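K.L.:
Protein chains in written order, with our numbering: chain A, 535 to 817; chain B, 180 to 556; chain C, 78 to 625.
Simulated from the structure, these hints should not be mistaken for lab results.
In this text, all values refer to a predicted model and were calculated from it rather than measured experimentally.
Mixed in with the good hints there might be a few duds.
To be verified - Far from chain A by the CB rule (all over 12 Å, computed), these chain C residues:
(1) G92
(2) K183
(3) D209
(4) D211
(5) A242
(6) E364
(7) M403
(8) N491
(9) F542
(10) P543
(11) A596
Said to hold, decoys possible - Quick list of in silico lysine to aspartate or glutamate cross-link-like pairs, EDC-like style, CA-CA up to 20 Å:
(12) C/K290 to B/D210
(13) C/K385 to B/E289
(14) C/K290 to C/D212
(15) C/K290 to B/D292
(16) C/K297 to C/D212
(17) B/K404 to C/E398
(18) C/K290 to B/D405
(19) B/K244 to B/E468
(20) B/K336 to C/D472
(21) B/K471 to C/E291
(22) A/K646 to C/D240
(23) C/K574 to B/E547
(24) C/K355 to C/D472
(25) B/K336 to C/D482
(26) C/K183 to B/E353
(27) C/K183 to B/D294
(28) B/K239 to A/D608
(29) B/K556 to C/E396
(30) C/K290 to B/E545
(31) C/K516 to A/E802
(32) C/K290 to B/E290
(33) C/K574 to B/D467
(34) B/K363 to C/E398
(35) C/K290 to B/E382
(36) C/K256 to B/E468
(37) C/K355 to B/E545
(38) C/K183 to B/E290
(39) C/K385 to B/E547
(40) C/K516 to A/E809
From the three backbone atoms N, C-alpha and C, an ideal C-beta is built for every residue, glycine too.
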Amino acid sequence: MSLPVYASTGQRIWHYAFRVICGLIFFFLIAPIVIIIPLSFNAQDFFTFSPEMLRLDPAGYSLKHYQDFFTNPDWQLPLWNSLAIAPVATLIAVSLGTLAAIGLSQSHVPFKSAIMAILISPMIVPLIISAAGMYFFYSRVGLQGTYWGVVLAHAVLGIPFVIITVTATLVGFDRSLTRAAASLGAGPVRTFFMVQMPLIMPGVVAGALFAFITSFDEVVVVLFLGAPGDKTLPWQMFTGLREQISPTILAAATVLVAISIALLITLEVLRRRSERLRGMSPT
Amino acid sequence: MTLKSLLSATALAMLPLGASAAFAEDLPPCDNCSDSMVLMSWGGAYQASQVAAYAEPYSKLTGVKITWDEGSNEAIAKMRAASEAGNMTYSLVDVEGPDSQRACDEGLAEEIDFDKDLAAAPDGTAASKDFGSAIINECFVPQIVFSTTFGYRTDVKEWNGKVPDNLCAIFDLENFPGMRALEKRPKKNLEWALLCDGVPKEELYTVLSSEGGVDRALAKLDTIKDQVVWWSAGAETPQLLADGEVVMGSTYNGRLFSAIVEQKQPIGMLWDWQVFDFDGWVVPKGLDEAQKNRVLHFLNFATDTQRLADQAKYISYGPARASSQPLVSTHATLGIEMAPYMPTNPANQKNYLVNNIEWWADNQDEVEVAFQNWLSK
Amino acid sequence: MTEQTADGLMLAADGKPLKQSLNRALRRQKLRAFLLIAPLLIFVLVTFIAPIGDMLFRSVENDIVADTLPRTVAALADWSPDSGAPPGEPVYRALASDLLIAVAAKTHTQLGTRLNYEDSGFSSLLRGTGRDVDDMGEDVGKALVAVDPVWDEPVTWTNLLGDPAWISAQADWAKAGDKTPEPPFVPSAAAQKNLPLTAAAYGDFARVMQTVKEDSPTEKRPWNTVAVSLTEDLKANPSAAAAFGADWQPRLSAVVAAEQGGAIPAADFMAAFTESDKAWGTPQPWEVIKTFSPRFTSGYFLNAVDLKMTPEGIAPRSEAERVYLMLFLRTMVLSLVITGTCILLGYPVAWLLANLPARTANLLMILVLLPFWTSLLVRTSAWKVLLQQQGVINDLLVWAGLVADNNRLVLINNQTGTIIAMTHILLPFMILPLYSVMKTIPPSYLRAAKSLGATDWTAFWRVYFPQSVPGIGAGSILVFILAIGYYITPELVGGAKGVFISNRIAYHIGTSLNWGLAAALGSLLLVVVLVLYWVYDRIVGIDNVKLG
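Looking at chain A on its own, in the form it has when it is part of the complex (with noise of 0.2 Å):
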């Protein structure tokens, strides 16, 4: 990539023209992101600087939408209901998922693809008709308008990608470690969880935060199923945005990036170990 030192002026001219531009595309990537941390401390209930922010004037600045996030309870309320819908939303796809992938990942499983295919069918059909095949079916069975109706749509929501990233773990494991377990008198169990189980951890985790945001992001699914005492935190951004417009939501917006990052970063970690792992494992 570097430019060689026969470099024609033109080829020169394009080289460095060529990174500005990716360097731009890269601006309009994360200036977005960026630009609402600094305005959700605008100490004004504008969405644009205010000229005391530009001149770095302290009293431009304030903490008090941060303030409003924290103490009052038209964000309180959907912050606890998102903070308890997700994680059982999570687990249930995690449990079941990780098994069905091991299950996926033996050798002769009949109707391979079309089981596949019905798993990984929640992340492909377009959230807009999940939610209105829920709303429909989940009215007659009396599911609609529920915790479990919100939490069952989002597990189900979340089992495609706990399938992709643990199958993704288990292409390279090697089952010979699991005939030496059991040629050591090891039953089934104990092997799944002594032999397997830290093996292919660093998927089944990478699983679990993606089934996780999914559900602590969603917001289609749970406008149509949810009850007015169920809202979840991006419900109460939805109807902010679409409604009552306030500074606060940016600073729930800075909140939820600091979670995404804190995601982001567990997420590489998982996969350097994840690879050292197998880079350890004789295939």
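Fit chains B and C to the known structure of chain A by using the hints.
P.N.:
Chains B and C only, in chain A's frame:
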């Protein structure tokens, strides 16, 4: 025009009488009542006035937990879905007049026994008489009279110092350029469009019912379609006006009141051809016994003479009870006179319309389809 | 460890044939795999596939007409719209009977809403007629009372038509005070045999009173249709009176006499309906009812592609009603534009990432992954804030002197807003597959091409680009699939013209309550997505989906 008599009564009653009657805070006991409720309302300043005037006092007195849902603009759909699901998630729903008619027509709302379920006036007048013509159907517990009218920014440079003084300024892009905010529903927009297309007030619904009448109104709206931001919640227009995203827009008069008086935004009010309507509660069908008992207990409290008068101290809507009207005078915290901001003030009702509940209940389905199709083209 | 038996079979250590043993092991393995997969499979089938199936079902389900107007639908069976004339009196009678029940149960408004989807105006027609139907046949009812005031008493009817056992059970119940529900009305055998129409009409009335209104039939005067039925039964069978007790014979005979003397007019429901709304005097509303009386309908799907069903066959909708093909087209076009801008912006970035040293590339990758991991609503709120007329972008442009303060750009509530925000949101889905494909293209190919005399452009276009096409394909299909199903972002930044078919689906579910149409539109969208998904599977393979 069932509203008319009430409007003049309210206007007279607006004369400040000051002193609010002391009211005993003894609630009757509530047997076999649930300890929480979900109320659906309109969000924003209006919901805030309900919280301040009676939801919070009620919670304080009884310890009942009240959850709010800001879904009233889709109230009928939400009630129907919940009823289909056999799981009524709302205890009490705040709707405007025509929607209450639909809820009642479609069997989604309970019928109310006004004199048994609601509190009598302090002088003993029965509730049905005290509410009088505000009772528009057997399911609807009226709270307030409100109007939908226009607000405009007072600092638009391109207008060269002019401000809109009549409704048709909405359609006048030459003298009043800029974005407008209109509701994403046909109701009221069609009437206003026809009025500005030269249809006299008396013939509005004859024209709308006739072949091509709705198209005529839509054609008038077509002239400004590119310049319109469509809103679905009452809080949007005041916010859009305050942000300078639109220069004029329709909304409920109480929302403009709070933007102008409480938030001191550079916004003016245009009172030409305001549309009056009632807003009130309906009790959804399908509540369990304990929930229904709780709701009726709350309704009795929240729509008594004093509570309805209290609400009008937070937002400039007229209480729907005759006996509440003398109790309203000045704003609860700002201490200003409410009369100039009341839709029922004679100075504000030179020209006005009254929401034609029957026509809209009958024609809502057809006109809504035509309007939405027009909108998406 | 294996031995061979005399007939040449291999034996396992336990002495069983090896083949059998292996088969058993295989079966056990399959069973174990299946048991591991089964819980999830069942879970997904119940919580996800069943709802999708329900949606498909809703898009053709049409029980409401046959359930609400059973008599009318049956009576219309013999009528053909080709006759050009409205149906005969019995159909009007049947509709009156159906409507009386529907109005009491408040289901006629729902039926009106349903039929209004097919024929605009039906809702107000049924609501209006629903208010008048109580009075239809009033002249017959009044004439009957004129003959003998006893017909004005509710108990006359229960005593005449009720089963003696029911009458005494009802009396016991009334004495006990209404603690329990009233025993359901049972017609007497004599009434059913000799006054069949009356017994049936009164049975309907009593059932509606008891179940819907929670009133006792002994306290409510029956509908006029019951009186009409009585006069008709007596006309058909003037000697019916003989089957009833001595009290009844003079009363019934008086009615027969009055009828023969012309004191009781013949019921004319056709005139009553036409008076209520002249549309009933034309074949048109009857055509609609007949066309949509089957329990399954293609009406919603036809509506979803701007067609409608008429007695003459399938016809296009009127100009003003044609929106859905336009919306599908708009969804496709906007999604294509978004996919295109994603390729334009994603390609250079993916190329840069694939060709930088790993350390730098990983660092820059964070700039792609952070948006990917950030909540959709956070990014949409950011764009809403940025794109406003008084927002950051317009402020910057004004500050830079590029646009005048009074002429700020309209970047939101239109298609521009949708395209900008969605390109940003979907860009990572283009960059990541492109990157993973480009990573596999050896840089030496480019160098080889150049060393053979190709210019930079030729080397790129003839050598590199063709190898990156699978990445473009994968990314494009992914972005396109995601884009055509978007709802939240267009809803918030798209205004009226920047919305997708999804927004219309949501509107029909949440606001207009036309669930059948929402389901039909959703099913069509689902078909498009599944076709694309199949293509994606052929190009990339589902198993190769990678995340992060």
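K.L.:
For every hint, state whether the structure bears it out.
P.N.:
Comparing the hints with the structure gives:
no.: 1; hint: G92; verdict: holds (22 Å)
no.: 2; hint: K183; verdict: holds (20 Å)
no.: 3; hint: D209; verdict: holds (34 Å)
no.: 4; hint: D211; verdict: holds (33 Å)
no.: 5; hint: A242; verdict: holds (38 Å)
no.: 6; hint: E364; verdict: holds (29 Å)
no.: 7; hint: M403; verdict: holds (18 Å)
no.: 8; hint: N491; verdict: holds (16 Å)
no.: 9; hint: F542; verdict: holds (15 Å)
no.: 10; hint: P543; verdict: holds (20 Å)
no.: 11; hint: A596; verdict: violated (7 Å)
no.: 12; hint: C/K290 to B/D210; verdict: violated (26 Å)
no.: 13; hint: C/K385 to B/E289; verdict: violated (37 Å)
no.: 14; hint: C/K290 to C/D212; verdict: holds (19 Å)
no.: 15; hint: C/K290 to B/D292; verdict: holds (15 Å)
no.: 16; hint: C/K297 to C/D212; verdict: holds (15 Å)
no.: 17; hint: B/K404 to C/E398; verdict: holds (18 Å)
no.: 18; hint: C/K290 to B/D405; verdict: violated (51 Å)
no.: 19; hint: B/K244 to B/E468; verdict: holds (17 Å)
no.: 20; hint: B/K336 to C/D472; verdict: holds (17 Å)
no.: 21; hint: B/K471 to C/E291; verdict: holds (18 Å)
no.: 22; hint: A/K646 to C/D240; verdict: violated (64 Å)
no.: 23; hint: C/K574 to B/E547; verdict: holds (18 Å)
no.: 24; hint: C/K355 to C/D472; verdict: violated (61 Å)
no.: 25; hint: B/K336 to C/D482; verdict: holds (11 Å)
no.: 26; hint: C/K183 to B/E353; verdict: violated (49 Å)
no.: 27; hint: C/K183 to B/D294; verdict: violated (24 Å)
no.: 28; hint: B/K239 to A/D608; verdict: holds (19 Å)
no.: 29; hint: B/K556 to C/E396; verdict: holds (11 Å)
no.: 30; hint: C/K290 to B/E545; verdict: violated (30 Å)
no.: 31; hint: C/K516 to A/E802; verdict: holds (19 Å)
no.: 32; hint: C/K290 to B/E290; verdict: holds (12 Å)
no.: 33; hint: C/K574 to B/D467; verdict: violated (44 Å)
no.: 34; hint: B/K363 to C/E398; verdict: holds (18 Å)
no.: 35; hint: C/K290 to B/E382; verdict: violated (39 Å)
no.: 36; hint: C/K256 to B/E468; verdict: holds (16 Å)
no.: 37; hint: C/K355 to B/E545; verdict: holds (18 Å)
no.: 38; hint: C/K183 to B/E290; verdict: holds (13 Å)
no.: 39; hint: C/K385 to B/E547; verdict: holds (19 Å)
no.: 40; hint: C/K516 to A/E809; verdict: holds (18 Å)
Going through the hint list in order, the structure does not satisfy hints 11, 12, 13, 18, 22, 24, 26, 27, 30, 33 and 35.
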